[in-house]
Amino acid sequence: MDRALFESLLRLGDSTLILSQRLSEWCGHAPALEEDLAITNTALDLLGQARLWLTLAGEVEGAGRDEDALAYLRHDHEFRNVLLVERPNGHYGDTLARQFLFDVWHYFLLQELTRSNDERIAAIAAKSVKEVTYHVRRSSDLVVRLGDGTGVSHNKMQEAIDSAWRHTGELFIDDEIDREMAQRGAGCSLAALQAPWYDHVREVLDEATLVMPSQDEGMHAAHRGGRQGRHTEALSYVLAEMQSLPRAYPGAVW
Amino acid sequence: MSKEWPLWEVFIRSQHGLAHKHVGSLHAPDAEMAINNARDVYTRRNEGLSIWVVRASDIVASQPGDKEPLFDPANNKVYRHPTFFPMPEEIKHM
Chain C
474 MDRALFESLL RLGDSTLILS QRLSEWCGHA PALEEDLAIT NTALDLLGQA RLWLTLAGEV
534 EGAGRDEDAL AYLRHDHEFR NVLLVERPNG HYGDTLARQF LFDVWHYFLL QELTRSNDER
594 IAAIAAKSVK EVTYHVRRSS DLVVRLGDGT GVSHNKMQEA IDSAWRHTGE LFIDDEIDRE
654 MAQRGAGCSL AALQAPWYDH VREVLDEATL VMPSQDEGMH AAHRGGRQGR HTEALSYVLA
714 EMQSLPRAYP GAVW
Chain Y
247 MSKEWPLWEV FIRSQHGLAH KHVGSLHAPD AEMAINNARD VYTRRNEGLS IWVVRASDIV
307 ASQPGDKEPL FDPANNKVYR HPTFFPMPEE IKHM
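Top to bottom, those sequences are chains C and Y.
Residues in the first sequence are numbered consecutively from 474, following our numbering.
Residues in the second sequence are numbered consecutively from 247, following our numbering.
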């Protein structure tokens, strides 16, 4: 099996899957009808992307695991998502901060992956980037509205950005798998995404009258490891809920 | 100032449509977000190519009480109805 390729696909699939699961928790609870529809739309976009990545991961692994086996029958230490996406929803500003910081990264990552020399990766990235282009636009617009809103919304948005920030360092740290994939021309260097990410985030936070945390604050080693399978306890709770049905009723179908 | 987001009316021109059609309304804090919301609420199944949003308060509607003077023209002016022209066979719906 192509270990680096398999791991890379899990990282993409797991990050989109877990964020989708988190966003789905808002269904029926968002602060306005329009937000409820928008956030669940985003959840469905990400779930569709997760299915493509995980299906391909299953094929690459060649051990007979399909998308369902990978989504529902792995333990937390086998998940490869970035820590940012497993953060709890918190209040709506927390969810938006997480979404915004992730969307911008996701967008630049997918842009790079559309140039992958692995046709399957390039195809999934090309399909996904259309959806994610809109996700970035929406979450950026909303961060500006809330940051530049009332005094209360400004403070809440600032706190949400500050809090989510600690899990952004991980997004730009390459390990041996990333380096191998980049060298082969199949993946890309995460470190190279940092400059464009930083520029876009700064532009939006400026417009939102919010203060951008310093780059170092996201770089603490304690706040990374998701892509290598070391997670916060939050992921265990996400999985306990997400996987309860397929584990209680193996092979259940609609 | 009201705490509610203002109401917007949404018009969408469909894939093959010639004109924007009113599809419904929604709440949004400003025009840009109204377009975003309209996209999420009304166009997720490839319904449209173009969205117009307009503040509901900017629309002036005719009054139901004005029905007769506005919409009840004298039907005896036959020259208003182009019924005297022979239509070519090929034209099906006119």
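Keep in mind that the hints were calculated from the coordinates and are not lab data.
Even for Gly, the Cβ is constructed at its ideal location relative to N, Cα and C.
Careful: at least some of the hints might be erroneous.
The calculated lysine to aspartate or glutamate pairs, modelled on DMTMM-like cross-linking and capped at a C-alpha distance of 25 Å, are [what the hints assert, rightly or not]:
| id | chain 1 | residue 1 | chain 2 | residue 2 |
| --- | --- | --- | --- | --- |
| 1 | C | 603 | Y | 286 |
| 2 | Y | 249 | Y | 293 |
| 3 | C | 600 | Y | 314 |
| 4 | C | 603 | Y | 314 |
Chain Y side only, calculated, beta carbon under 10 Å to chain C, not exhaustive [unchecked claim]:
| id | residue |
| --- | --- |
| 5 | 251 |
| 6 | 252 |
| 7 | 264 |
| 8 | 267 |
| 9 | 268 |
| 10 | 269 |
| 11 | 273 |
| 12 | 274 |
| 13 | 275 |
| 14 | 276 |
| 15 | 279 |
| 16 | 283 |
| 17 | 284 |
| 18 | 286 |
Which residues of chain Y face chain C? A few of them, derived with a C-beta cut under 8 Å, are [stated by the list, open to error]:
| id | residue |
| --- | --- |
| 19 | 282 |
| 20 | 287 |
| 21 | 290 |
| 22 | 333 |
| 23 | 335 |
Evaluated hints:
1. C/603 <-> Y/286: Holds, because 14 Å separates the two Cα atoms, which is no more than 25 Å.
2. Y/249 <-> Y/293: 31 Å, violated
3. C/600 <-> Y/314: The hint is violated at about 55 Å.
4. C/603 <-> Y/314: 51 Å, violated
5. 251: Holds. Min distance 7 Å.
6. 252: This interface hint is violated because 12 Å lies over the 10 Å limit.
7. 264: 26 Å, violated
8. 267: 20 Å, violated
9. 268: 17 Å, violated
10. 269: 14 Å, violated
11. 273: Holds. Min distance 6 Å.
12. 274: 6 Å, holds
13. 275: OK, holds: residue 275 of chain Y within 10 Å of chain C, min 6 Å.
14. 276: This interface hint holds because 8 Å falls under the 10 Å limit.
15. 279: 6 Å, holds
16. 283: Since the shortest Cβ distance to chain C is 4 Å, the answer is holds.
17. 284: 9 Å, holds
18. 286: 4 Å, holds
19. 282: 5 Å, holds
20. 287: Cβ of residue 287 of chain Y sits 5 Å from chain C, so the hint holds.
21. 290: The hint holds - residue 290 of chain Y has a Cβ within 8 Å of chain C, the shortest such distance being about 6 Å.
22. 333: Violated. Min distance 46 Å.
23. 335: 46 Å, violated
Going down the numbered hints, you'll see the structure goes against 2, 3, 4, 6, 7, 8, 9, 10, 22 and 23, while the others check out.
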